[in-house]
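Participant: Here's the letter readout for the chains.
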Amino acid sequence: MGYVWQLWADGPTILIALFEGALLAAVLALMAAGLSLVFGVMRVVNVAHGEFYMLGAVAAWFIASQIGGSPAVSFVAALIVAPLLVGALAAMIDITVIKKVNYDPERTIVATIGLLYIIQQGTLMGFGAVPRAVEPPFDHRIAIPWWEKVDGVWEMYWPWGLSISTYKVFVIVAAIVIISALRYAMTHSKAGLIMRATQLDSETAQAFGIPVGRVYAGVFGVGCGLAALAGVLILPIQQAHYLMGGEALLSSFIVVIIGGLGSFGGTIIAAIIIGMTDSILTIFFSPIIAKIVATLLVALVLVFKPTGLFGTKRQ
Amino acid sequence: MSVTAKTLSLHLGLIAVLFALQFILGPYQQGNIARIMVLATYAIGYNVLFGYTGLLSLGHAMFFCAGMYGLAIPMYHFSVPAELAFLMALAIGAGFSLLVGLLALRTIGVAFMIVTLMFAQAVYLIILYAAEWTRGDEGFVLVQSTRTLFGVDLTDDTAKYAAALVLFATALLFTLWLVRAPTGRVLIAVRENEDRASLLGYDIHRHKLIAVVISGTISAAAGAGYALLFGNTGSTFATVQYSILPLLWVLLGGAGTVLGPFLGTLFMYYLIDYAADVTNAYMLIAGAALVALTLFAPTGIAGTVRKHLWRWLP
Numbered sequence: 000m001g002y003v004w005q006l007w008a009d010g011p012t013i014l015i016a017l018f019e020g021a022l023l024a025a026v027l028a029l030m031a032a033g034l035s036l037v038f039g040v041m042r043v044v045n046v047a048h049g050e051f052y053m054l055g056a057v058a059a060w061f062i063a064s065q066i067g068g069s070p071a072v073s074f075v076a077a078l079i080v081a082p083l084l085v086g087a088l089a090a091m092i093d094i095t096v097i098k099k100v101n102y103d104p105e106r107t108i109v110a111t112i113g114l115l116y117i118i119q120q121g122t123l124m125g126f127g128a129v130p131r132a133v134e135p136p137f138d139h140r141i142a143i144p145w146w147e148k149v150d151g152v153w154e155m156y157w158p159w160g161l162s163i164s165t166y167k168v169f170v171i172v173a174a175i176v177i178i179s180a181l182r183y184a185m186t187h188s189k190a191g192l193i194m195r196a197t198q199l200d201s202e203t204a205q206a207f208g209i210p211v212g213r214v215y216a217g218v219f220g221v222g223c224g225l226a227a228l229a230g231v232l233i234l235p236i237q238q239a240h241y242l243m244g245g246e247a248l249l250s251s252f253i254v255v256i257i258g259g260l261g262s263f264g265g266t267i268i269a270a271i272i273i274g275m276t277d278s279i280l281t282i283f284f285s286p287i288i289a290k291i292v293a294t295l296l297v298a299l300v301l302v303f304k305p306t307g308l309f310g311t312k313r314q
Numbered sequence: 000m001s002v003t004a005k006t007l008s009l010h011l012g013l014i015a016v017l018f019a020l021q022f023i024l025g026p027y028q029q030g031n032i033a034r035i036m037v038l039a040t041y042a043i044g045y046n047v048l049f050g051y052t053g054l055l056s057l058g059h060a061m062f063f064c065a066g067m068y069g070l071a072i073p074m075y076h077f078s079v080p081a082e083l084a085f086l087m088a089l090a091i092g093a094g095f096s097l098l099v100g101l102l103a104l105r106t107i108g109v110a111f112m113i114v115t116l117m118f119a120q121a122v123y124l125i126i127l128y129a130a131e132w133t134r135g136d137e138g139f140v141l142v143q144s145t146r147t148l149f150g151v152d153l154t155d156d157t158a159k160y161a162a163a164l165v166l167f168a169t170a171l172l173f174t175l176w177l178v179r180a181p182t183g184r185v186l187i188a189v190r191e192n193e194d195r196a197s198l199l200g201y202d203i204h205r206h207k208l209i210a211v212v213i214s215g216t217i218s219a220a221a222g223a224g225y226a227l228l229f230g231n232t233g234s235t236f237a238t239v240q241y242s243i244l245p246l247l248w249v250l251l252g253g254a255g256t257v258l259g260p261f262l263g264t265l266f267m268y269y270l271i272d273y274a275a276d277v278t279n280a281y282m283l284i285a286g287a288a289l290v291a292l293t294l295f296a297p298t299g300i301a302g303t304v305r306k307h308l309w310r311w312l313p
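Chains as they are written, first to last, in numbering that gives the first Met the number 0: chain A, 0 to 314; chain B, 0 to 313.
A short, non-exhaustive set of chain B residues, derived as facing chain A with CB atoms under 7 Å:
hint	residue
1	Leu55
2	Arg105
3	Val109
4	Val114
5	Met117
6	Ala121
7	Tyr128
8	Ile243
9	Ala280
10	Leu283
11	Thr293
Label pairs and their calculated CB-CB ranges:
hint	chain 1	residue 1	chain 2	residue 2	range
12	A	Ile175	B	Gln28	54 to 62 Å
13	B	Thr182	A	Val172	58 to 66 Å
14	B	Gln28	A	Leu242	28 to 36 Å
Here are some chain B residues the structure puts well away from chain A; computed CB gaps all over 10 Å:
hint	residue
15	Phe18
16	Gly30
17	Ile187
18	Tyr201
19	Arg205
No lab work stands behind these hints, which were simulated from the structure alone. Idealized CB from N, CA, C, for every residue including glycine.
Turn these sequences into a full structure, and let the hints steer you where they fit.
Facilitator: And the structure:
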């Protein structure tokens with residue numbers, strides 16, 4: 000019984016960790032959905048994916064600081080414009096670089112490693128090495144009560160620090176809305192149908208008059224745009240920095256692989272599992288141990304179960 | 000001249016030129032070339048796997064660091080003499096690459112790249128975590144007086160250059176022998192057409208494993224040499240960047256050529272060195288080079304020479 004009481008007493012800490020885990024899961028799900036979409040349709044791995052996340056945050060900072068005025072207005076502008084800009088840039092990169100290597104999986108990886116450095120170092124030259132922050136458009140704190148047994152009687156109290164920020168709640172809700180919308184568009188719209196036809200068999204799709212080249216450019220744009228969107232949403236919480244893409248890339252790799260390469264539903268489930276476990280593990284272990292375990296786990300999942308936990312076998 | 004004679008004179012000629020260079024160059028350039036020779040050894044190791052066997056690893060920094068720390072930790076913490084520590088580093092590199100090979104070779108293509116990337120990332124994090132032994136980010140500096148091989152003081156510029164040349168020449172001549180030997184021929188067959196090589200009766204998995212172990216061990220030798228000659232270690236050498244650099248050097252010089260890794264390292268080293276003087280965003284050069292090479296010159300320098308000039312180039 001001893002642990003149960005201990006766990007109950009730790010309740011506020013765990014609750015906060017679960018909430019932060021949900022936030023991490025939301026951002027991871029957006030990023031990984033983009034990576035998974037690109038891999039699913041085009042069968043290529045975009046190593047520069049994390050840099051589009053970084054570009055999203057940097058572009059949002061730039062737009063917000065240019066517009067000025069109330070944080071809410073400039074943030075909404077950034078939230079709409081930054082992902083569109085980054086998506087358009089990505090579509091252009093697809094046409095000028097990735098199309099030219101014929102979407103060969105290995106050469107695409109080498110080319111996107113090159114793009115990673117070009118984007119990252121280009122940002123360092125233009126934006127500098129100093130991290131930059133943006134004020135959240137709104138930020139209220141909602142305190143959460145907890146109960147403890149004092150002299151055999153349950154009493155409600157307000158633990159110190161147990162509160163959640165409304166902006167973080169907004170990020171979680173926004174991620175759920177965007178991913179549901181994406182899912183709906185893929186299964187119910189004409190564009191989604193064309194995308195899925197290309198994914199199943201690009202040659203047959205081409206034979207039926209689907210402009211496969213343009214579909215690929217569009218998918219790459221949307222995939223990278225999703226990463227940029229995640230970058231914009233995280234900006235008021237984290238700060239924009241030219242090196243922020245590396246860690247984000249590794250985390251989304253982990254999510255996409257555990258979820259099964261190219262499986263959209265699996266990716267989302269994996270994002271939730273990994274976001275939650277990551278922040279719970281960090282209560283009990285040092286974050287670096289949690290990262291070592293996660294990285295080795297991913298490598299071993301790929302070695303022993305290459306289709307991931309939810310993936311289906313396909314060529 | 001027969002092909003063998005031409006090949007031998009070209010490669011021995013390069014070693015002779017490098018030997019002669021030390022009498023012409025000033026101390027600064029001499030130091031640069033010594034460093035390039037050690038890094039080119041790393042690229043030679045990478046090339047065995049990527050260029051000759053056709054397996055693209057994104058995690059070779061883990062082998063480089065297996066050698067680097069395999070030598071430096073025994074020397075620094077246990078006062079093991081350098082000769083023994085170097086052998087230990089080679090053994091650790093070979094054992095570690097065997098283990099990684101056994102696991103990673105269960106996957107193919109893109110999955111192989113990601114598995115190697117993840118293993119290397121885990122090694123990087125472990126180096127950071129074991130800060131008590133590795134001093135993490137900062138690393139540690141090997142004590143000058145311990146950096147001697149068979150009584151030769153490696154902190155001396157001439158000795159350092161000679162040692163780097165010996166390391167490089169050994170790796171160069173070894174790969175030259177390997178790619179002309181039956182085992183090397185099978186590796187090339189695996190790269191060109193795995194199914195056909197398998198149909199001819201070759202054990203594909205065993206040959207790939209041999210390639211991983213040779214490649215990992217040469218990379219470890221380069222890492223050990225780097226720590227011994229230049230005295231410093233650090234977790235930076237385990238970052239993704241140090242796994243990407245050999246890929247870049249080999250692609251630029253020409254994958255699947257014996258001379259390619261050296262040419263690529265030489266050009267890229269000076270290019271990045273030059274760029275670093277102009278801007279702190281010098282890795283931009285590396286990125287642009289990677290994209291340009293993939294798009295316009297997938298065969299690299301030596302590959303182009305082989306295509307148009309010297310068909311016999313190994």
